[in-house]
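**Student:** What follows is each chain in one-letter form.
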Amino acid sequence: MSDPELRRRLYRVMVLARACDDRVAALKAQGEIAGSAFLGRGQEAFSGAAGLCLRPGDVFAPAIRDQAARLAFGETPLDVMRVVLGRRTGWMRGRDGNIHRGDWSRGILPFISHLGAMAAPVAGVLLARRLGGRLGDTVGAIAIGEGGMNTGALHEALVVIGVERLPVVLLVADNCYAYSTPRERSYACRDLAERAAGYGFAAQRCDGTDADDCLRACQAAFAAARRGSGPQMVVADLLRLAGHGTHDDASYVPAELRSRYGDCLPLFERTLIREGVLSAEEAERTRAQCRAEVEAALQQARSEPAADAATDEWRVYSESDLLNLRWRR
Amino acid sequence: MKYLEAIRLALGEILAEEPRAFFYGQDIAGPFGGAFKATKGLSERFPGRVLNSPIVEDAMAGLAIGAAMEGARPIIEYQFADFASIAFNQLVNHAATTYWRTGRSCPLVIRLPVGGTPGGGPFHCQMPEGWLTHHPGLVVVAPATVADAYFMLKDAVACRDPVCVLEHKYLYYHLESDFDPATAEHLGLGRAALRRRGEDLTIISWSGMVHRALAAAAELESAHGIAAEVLDLRCLKPLDAESILASLAHTGRVLIVHEGFPYGGVAAEVLALCCERGFAWLDAPPQRLSARDTPVPFHPDLFAAYLPDERAIVQAALELASF
Chain A
10 MSDPELRRRL
20 YRVMVLARAC
30 DDRVAALKAQ
40 GEIAGSAFLG
50 RGQEAFSGAA
60 GLCLRPGDVF
70 APAIRDQAAR
80 LAFGETPLDV
90 MRVVLGRRTG
100 WMRGRDGNIH
110 RGDWSRGILP
120 FISHLGAMAA
130 PVAGVLLARR
140 LGGRLGDTVG
150 AIAIGEGGMN
160 TGALHEALVV
170 IGVERLPVVL
180 LVADNCYAYS
190 TPRERSYACR
200 DLAERAAGYG
210 FAAQRCDGTD
220 ADDCLRACQA
230 AFAAARRGSG
240 PQMVVADLLR
250 LAGHGTHDDA
260 SYVPAELRSR
270 YGDCLPLFER
280 TLIREGVLSA
290 EEAERTRAQC
300 RAEVEAALQQ
310 ARSEPAADAA
320 TDEWRVYSES
330 DLLNLRWRR
Chain B
841 MKYLEAIRLA
851 LGEILAEEPR
861 AFFYGQDIAG
871 PFGGAFKATK
881 GLSERFPGRV
891 LNSPIVEDAM
901 AGLAIGAAME
911 GARPIIEYQF
921 ADFASIAFNQ
931 LVNHAATTYW
941 RTGRSCPLVI
951 RLPVGGTPGG
961 GPFHCQMPEG
971 WLTHHPGLVV
981 VAPATVADAY
991 FMLKDAVACR
1001 DPVCVLEHKY
1011 LYYHLESDFD
1021 PATAEHLGLG
1031 RAALRRRGED
1041 LTIISWSGMV
1051 HRALAAAAEL
1061 ESAHGIAAEV
1071 LDLRCLKPLD
1081 AESILASLAH
1091 TGRVLIVHEG
1101 FPYGGVAAEV
1111 LALCCERGFA
1121 WLDAPPQRLS
1131 ARDTPVPFHP
1141 DLFAAYLPDE
1151 RAIVQAALEL
1161 ASF
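Line by line, the protein sequences give chains A and B. Residue numbering for the first sequence follows our numbering, beginning at 10 and increasing consecutively. Residue numbering for the second sequence follows our numbering, beginning at 841 and increasing consecutively.
Derived from the structure by calculation, the hints contain no laboratory data.
Which residues of chain A face chain B? A partial, calculated answer using Cβ under 7 Å:
| no. | residue |
| --- | --- |
| 1 | 121 |
| 2 | 162 |
| 3 | 326 |
For every residue, glycine included, the Cβ atom is placed at its ideal position computed from N, Cα and C.
Model the full assembly from the supplied sequences, consistent with the hints where possible.
**Tutor:** What follows is the structure, encoded as structure tokens:
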């Protein structure tokens, strides 16, 4: 069992992620968010556990439902609100929104929609560090779901990561559904950890509804990657407790499946209280603090300027004078 | 020096002068040195900086994006430009959008052997500039001379934005000049170049087809007394609109000659530019000569009929001149 302080930190990250998601869903319902909103409900244990294994200097390519890992790795509710509201002050300055957010300088890669496409760039960051002699014990983490596991982009990237033996942890949240497609239409192997050997990855499995099990598996995988044992895969079995986006009521998920998978957040809370790691009062206080933190971030983001079509810079090239550009050395 | 030798010279100098640079591509390392030998000898001179990739065209581009964002200067080689279609997503959706979306430059160079050779067939001869230039954010250049093969590659590495360098496969071995990097003129990356001066009409071309345009211009002069100007675009995105319009204003007649498919693409864009911004100077409707609107054929006879040849260029120029 992980130490109590780490478990309390994970609990707080999960609560904060849920609070962020709940507020984003409400904003979407209120009509304050353009496009769709994508929630990580039900995946906070696995995502948060992975995020807590990341250290400053690591690089992380989140997938759609990684609010918890993002917060654990340094993203703040203010970063979230600025992007979902299209604020000029945000990472994406209104040019991209929702979960397509990140900051290369902080090692949070800005997601593009094409599943699997963020994996090879993580390999590129690590390879560049190795070539520059500054890889150290940094690792790269790549989040994906069982749907994204089938993309050619991910396959090619895993081949490269295996061949180069890069310190990567692939975090597979097998959440039963790729949009509305059930997992039995996504893969024919027993579980996705079986694919690991084919890429030269070591594999861990965990129960994605059990935060302690997620911590155990993630800690083992990140430690192995950090000490040079080659690429690692962690496959979590869980259920997405939301639609693909807020536009989707997920009515295609049968009740039987819903009853089989618990909600990782109350499950973890009950466990922590039962074991005396957390009191009911602390839990209530944490929930209130997180809601307040999210609300304060929202109010600040609302007060900041939105992207402005009339005054914002529209350039697609960073070179100001491509016509006359010449190599000078 | 041959076109390919100029590329190899530039690649060696890039590794020597730019410590952040590394090469990644299929079969480029070791004594093999790449399908066209552009990197031959370089992995021995620069150990650890010329890396063979698996057959992962998409991941090659994705890896280069990550390395570029981490501060390296990756130069990736596609064995044939045709295979870069597998990396369509990483190139047009990822590399091309990164600066716009994030405000951070993505300095990578994508080397693409383009163009037809007899017997190459539908999947080893294509011109990719139509789709590469369509998406905002990529710089696309097409060196047609030995000097440009050298300079444009080095300029591409100096550029902070993603640059696709279209290297013509026929020119690799067949184009030779007494190029000396110390004395040759070094044009800017984005400038078009006037390869021949004339008063009667302008032939606009790029990549391998520039040389057919020049041969046709010589024939027009000697056999028909027509002075054709030949403008080599060099940079296909962004376009050097001023040079195009200046030549149009000078001659009043424009013929665009290229090796790509006819529908859409760079030729259509140049033609639209001439009409939109050069209408007042036009003495005749601008014309295009393209490859046929079919896949690239295998048999040499079919292939010869597929591309505009010198005679077709002369014929089109005569019709344009007499309009």
